[in-house]
Amino acid sequence: MSISRSIFREYDIRGVTEKDLTPEVAYFIGRAYAAFLAESNVTGSIAVGRDNRPSGTALHEALLRGLTESGIDVIDIGVVPTPLAYWAQHNLDVAGGIQITGSHNPPEYNGFKLGVGKNSIYGKQIQHMYDLISAGVFPQGNGTVQKQEVIERYIDDVVARVGPISGSLKVVVDCGNGAGALVAPQLMKRLGVDATCLFCESDGTFPNHHPDPTVPENLKDIIAAVAREKADIGIALDGDADRIGVIDNEGEIIWGDHILILYARDVLERTGKGQSIIFDVKCSQALPEEITKAGGKPVMWKTGHSLIEEKMHETHAPIAGEMSGHMFFGEGYYGFDDALYGAARLLRIVANGGKSVHEMLADVPRFVSTPEIRV
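In numbering that gives the first Met the number 0, the protein residues as written are 0 to 374.
Think of the hints as simulated: they come from the structure by calculation, not from any bench. Don't take each hint at face value.
[Said to hold, decoys possible] Restricting the straight-line Cα-Cα distance to at most 20 Å, the calculated cross-link-like pairs of lysine to aspartate or glutamate (DMTMM-like) are:
(1) K354 to D220
(2) K123 to E358
(3) K146 to D265
(4) K169 to E148
(5) K117 to D75
(6) K296 to D265
(7) K18 to D75
(8) K296 to E313
(9) K281 to E9
(10) K292 to E358
(11) K296 to E330
(12) K292 to E313
(13) K310 to E330
(14) K272 to E251
(15) K123 to E251
(16) K354 to E251
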């Protein structure tokens, strides 16, 4: 069949549904993924999840058909934020995982994030998936599908690691109607914080605003709610809850590099100085300066979750982050980017800090930078 090579990106497979990304394409992605596993001598079940975009239903059905016709047994974890698919790779008895997600892209987009073992497929491996589809030689078999609930287990894990949060913290959470809405309200309740939830109804058409917390226009509602509720902090999630946005108690946007400063200070204070903290090139000069002040070693690295995770493993870094709001937690967690766990951890920092978020960052210089231009 004819498939556009352009949908095979550096870190995922992504395109416009019913144009570049059809159920037929999803079926062959399942077949190619099975062929990739066979080439790699990897055996075992595969966890499959999807975010809440309406197009995900048909793509999910077709993907499962492609996998099972190739002899792959599937553990279907249902509609979940992307970090829960990563979590499943670490906690279920699986050989890999696939998440169907459009991430921060407009509603007409969708895509596939692929993993083998506990790692992501990226770069040449993604391109090889296209070659496998073109070759058309796939394993044959009769795989099974088993549904498994993971949301409660995930929340139990996060609360055991982070909570409960001390004090009477007031927080506003904006899920933007994304997949994070399926987890965040329960998580906030279990953590014991006083949470006001905005757009916490799961609706993958995103009727209120687009769930991308890097765009100031999308943060107007949460800024107003933080002021109205006199909240200590606001947390905004992107569409699949792997990126975090933060509003301080004064209603100011805290961008990714300043969020990472809060995490870095905390982890260096708790677990020891001299550790590497990784960040991408888009972050301002304030970040490496503050990491150094806190006793850490600033390490600038390439943007991209797979590259960041590899560098964390290489340097034994406890934490890493990108200007875009992807925050990666090695210390006390699994090393992947997770805005839900990140929110819990940030709430703990604020609750234990003795200062407001605004006061915590008052001494950090604000550099002017050009906004990111996406092509």
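Here is what the structure says about each hint:
Simply put, K354 and D220 have alpha-carbon atoms about 25 Å apart, too far for the 20 Å limit, and the pair is violated. Proposed proximity of K123 and E358 is contradicted: the alpha carbons are some 45 Å apart, above 20 Å. A hinted pair counts as satisfied when its Cα atoms are at most 20 Å apart, and K146 with D265 does not qualify at roughly 38 Å. Distance check on the hinted pair: K169 and E148 sit about 30 Å apart at the alpha-carbon level, beyond 20 Å; violated.
With a CA separation close to 17 Å, the supplied pair K117 and D75 stays within the 20 Å bound. Restraint check for K296 and D265: the C-alpha separation of about 14 Å stays at or below 20 Å, so the hint holds. Distance restraint check for K18 and D75: the Cα-Cα separation of roughly 26 Å exceeds the 20 Å cut-off, and the hinted pair is therefore not satisfied. Pair hint K296 plus E313 holds up; C-alpha atoms about 14 Å apart against a cutoff of 20 Å.
A hinted pair counts as satisfied when its Cα atoms are at most 20 Å apart, and K281 with E9 qualifies at roughly 18 Å. Restraint check for K292 and E358: the C-alpha separation of about 17 Å stays at or below 20 Å, so the hint holds. Simply put, K296 and E330 have alpha-carbon atoms about 16 Å apart, close enough for the 20 Å limit, and the pair holds. Among the hinted pairs, K292 with E313 is inconsistent with the structure: their alpha-carbon atoms are about 23 Å apart, more than 20 Å.
Distance hint between K310 and E330 is fulfilled; the C-alpha atoms sit about 14 Å from each other, no more than 20 Å. For the hint pairing K272 with E251, the CA-to-CA distance comes to about 30 Å; that exceeds 20 Å, so the pair is violated. Distance restraint check for K123 and E251: the Cα-Cα separation of roughly 40 Å exceeds the 20 Å cut-off, and the hinted pair is therefore not satisfied. The straight-line distance between the Cα atoms of K354 and E251 is roughly 16 Å, inside the 20 Å bound, and the hint therefore holds.
Checked against the numbered hints listed earlier, the structure breaks hints 1, 2, 3, 4, 7, 12, 14, 15; every other hint is satisfied.
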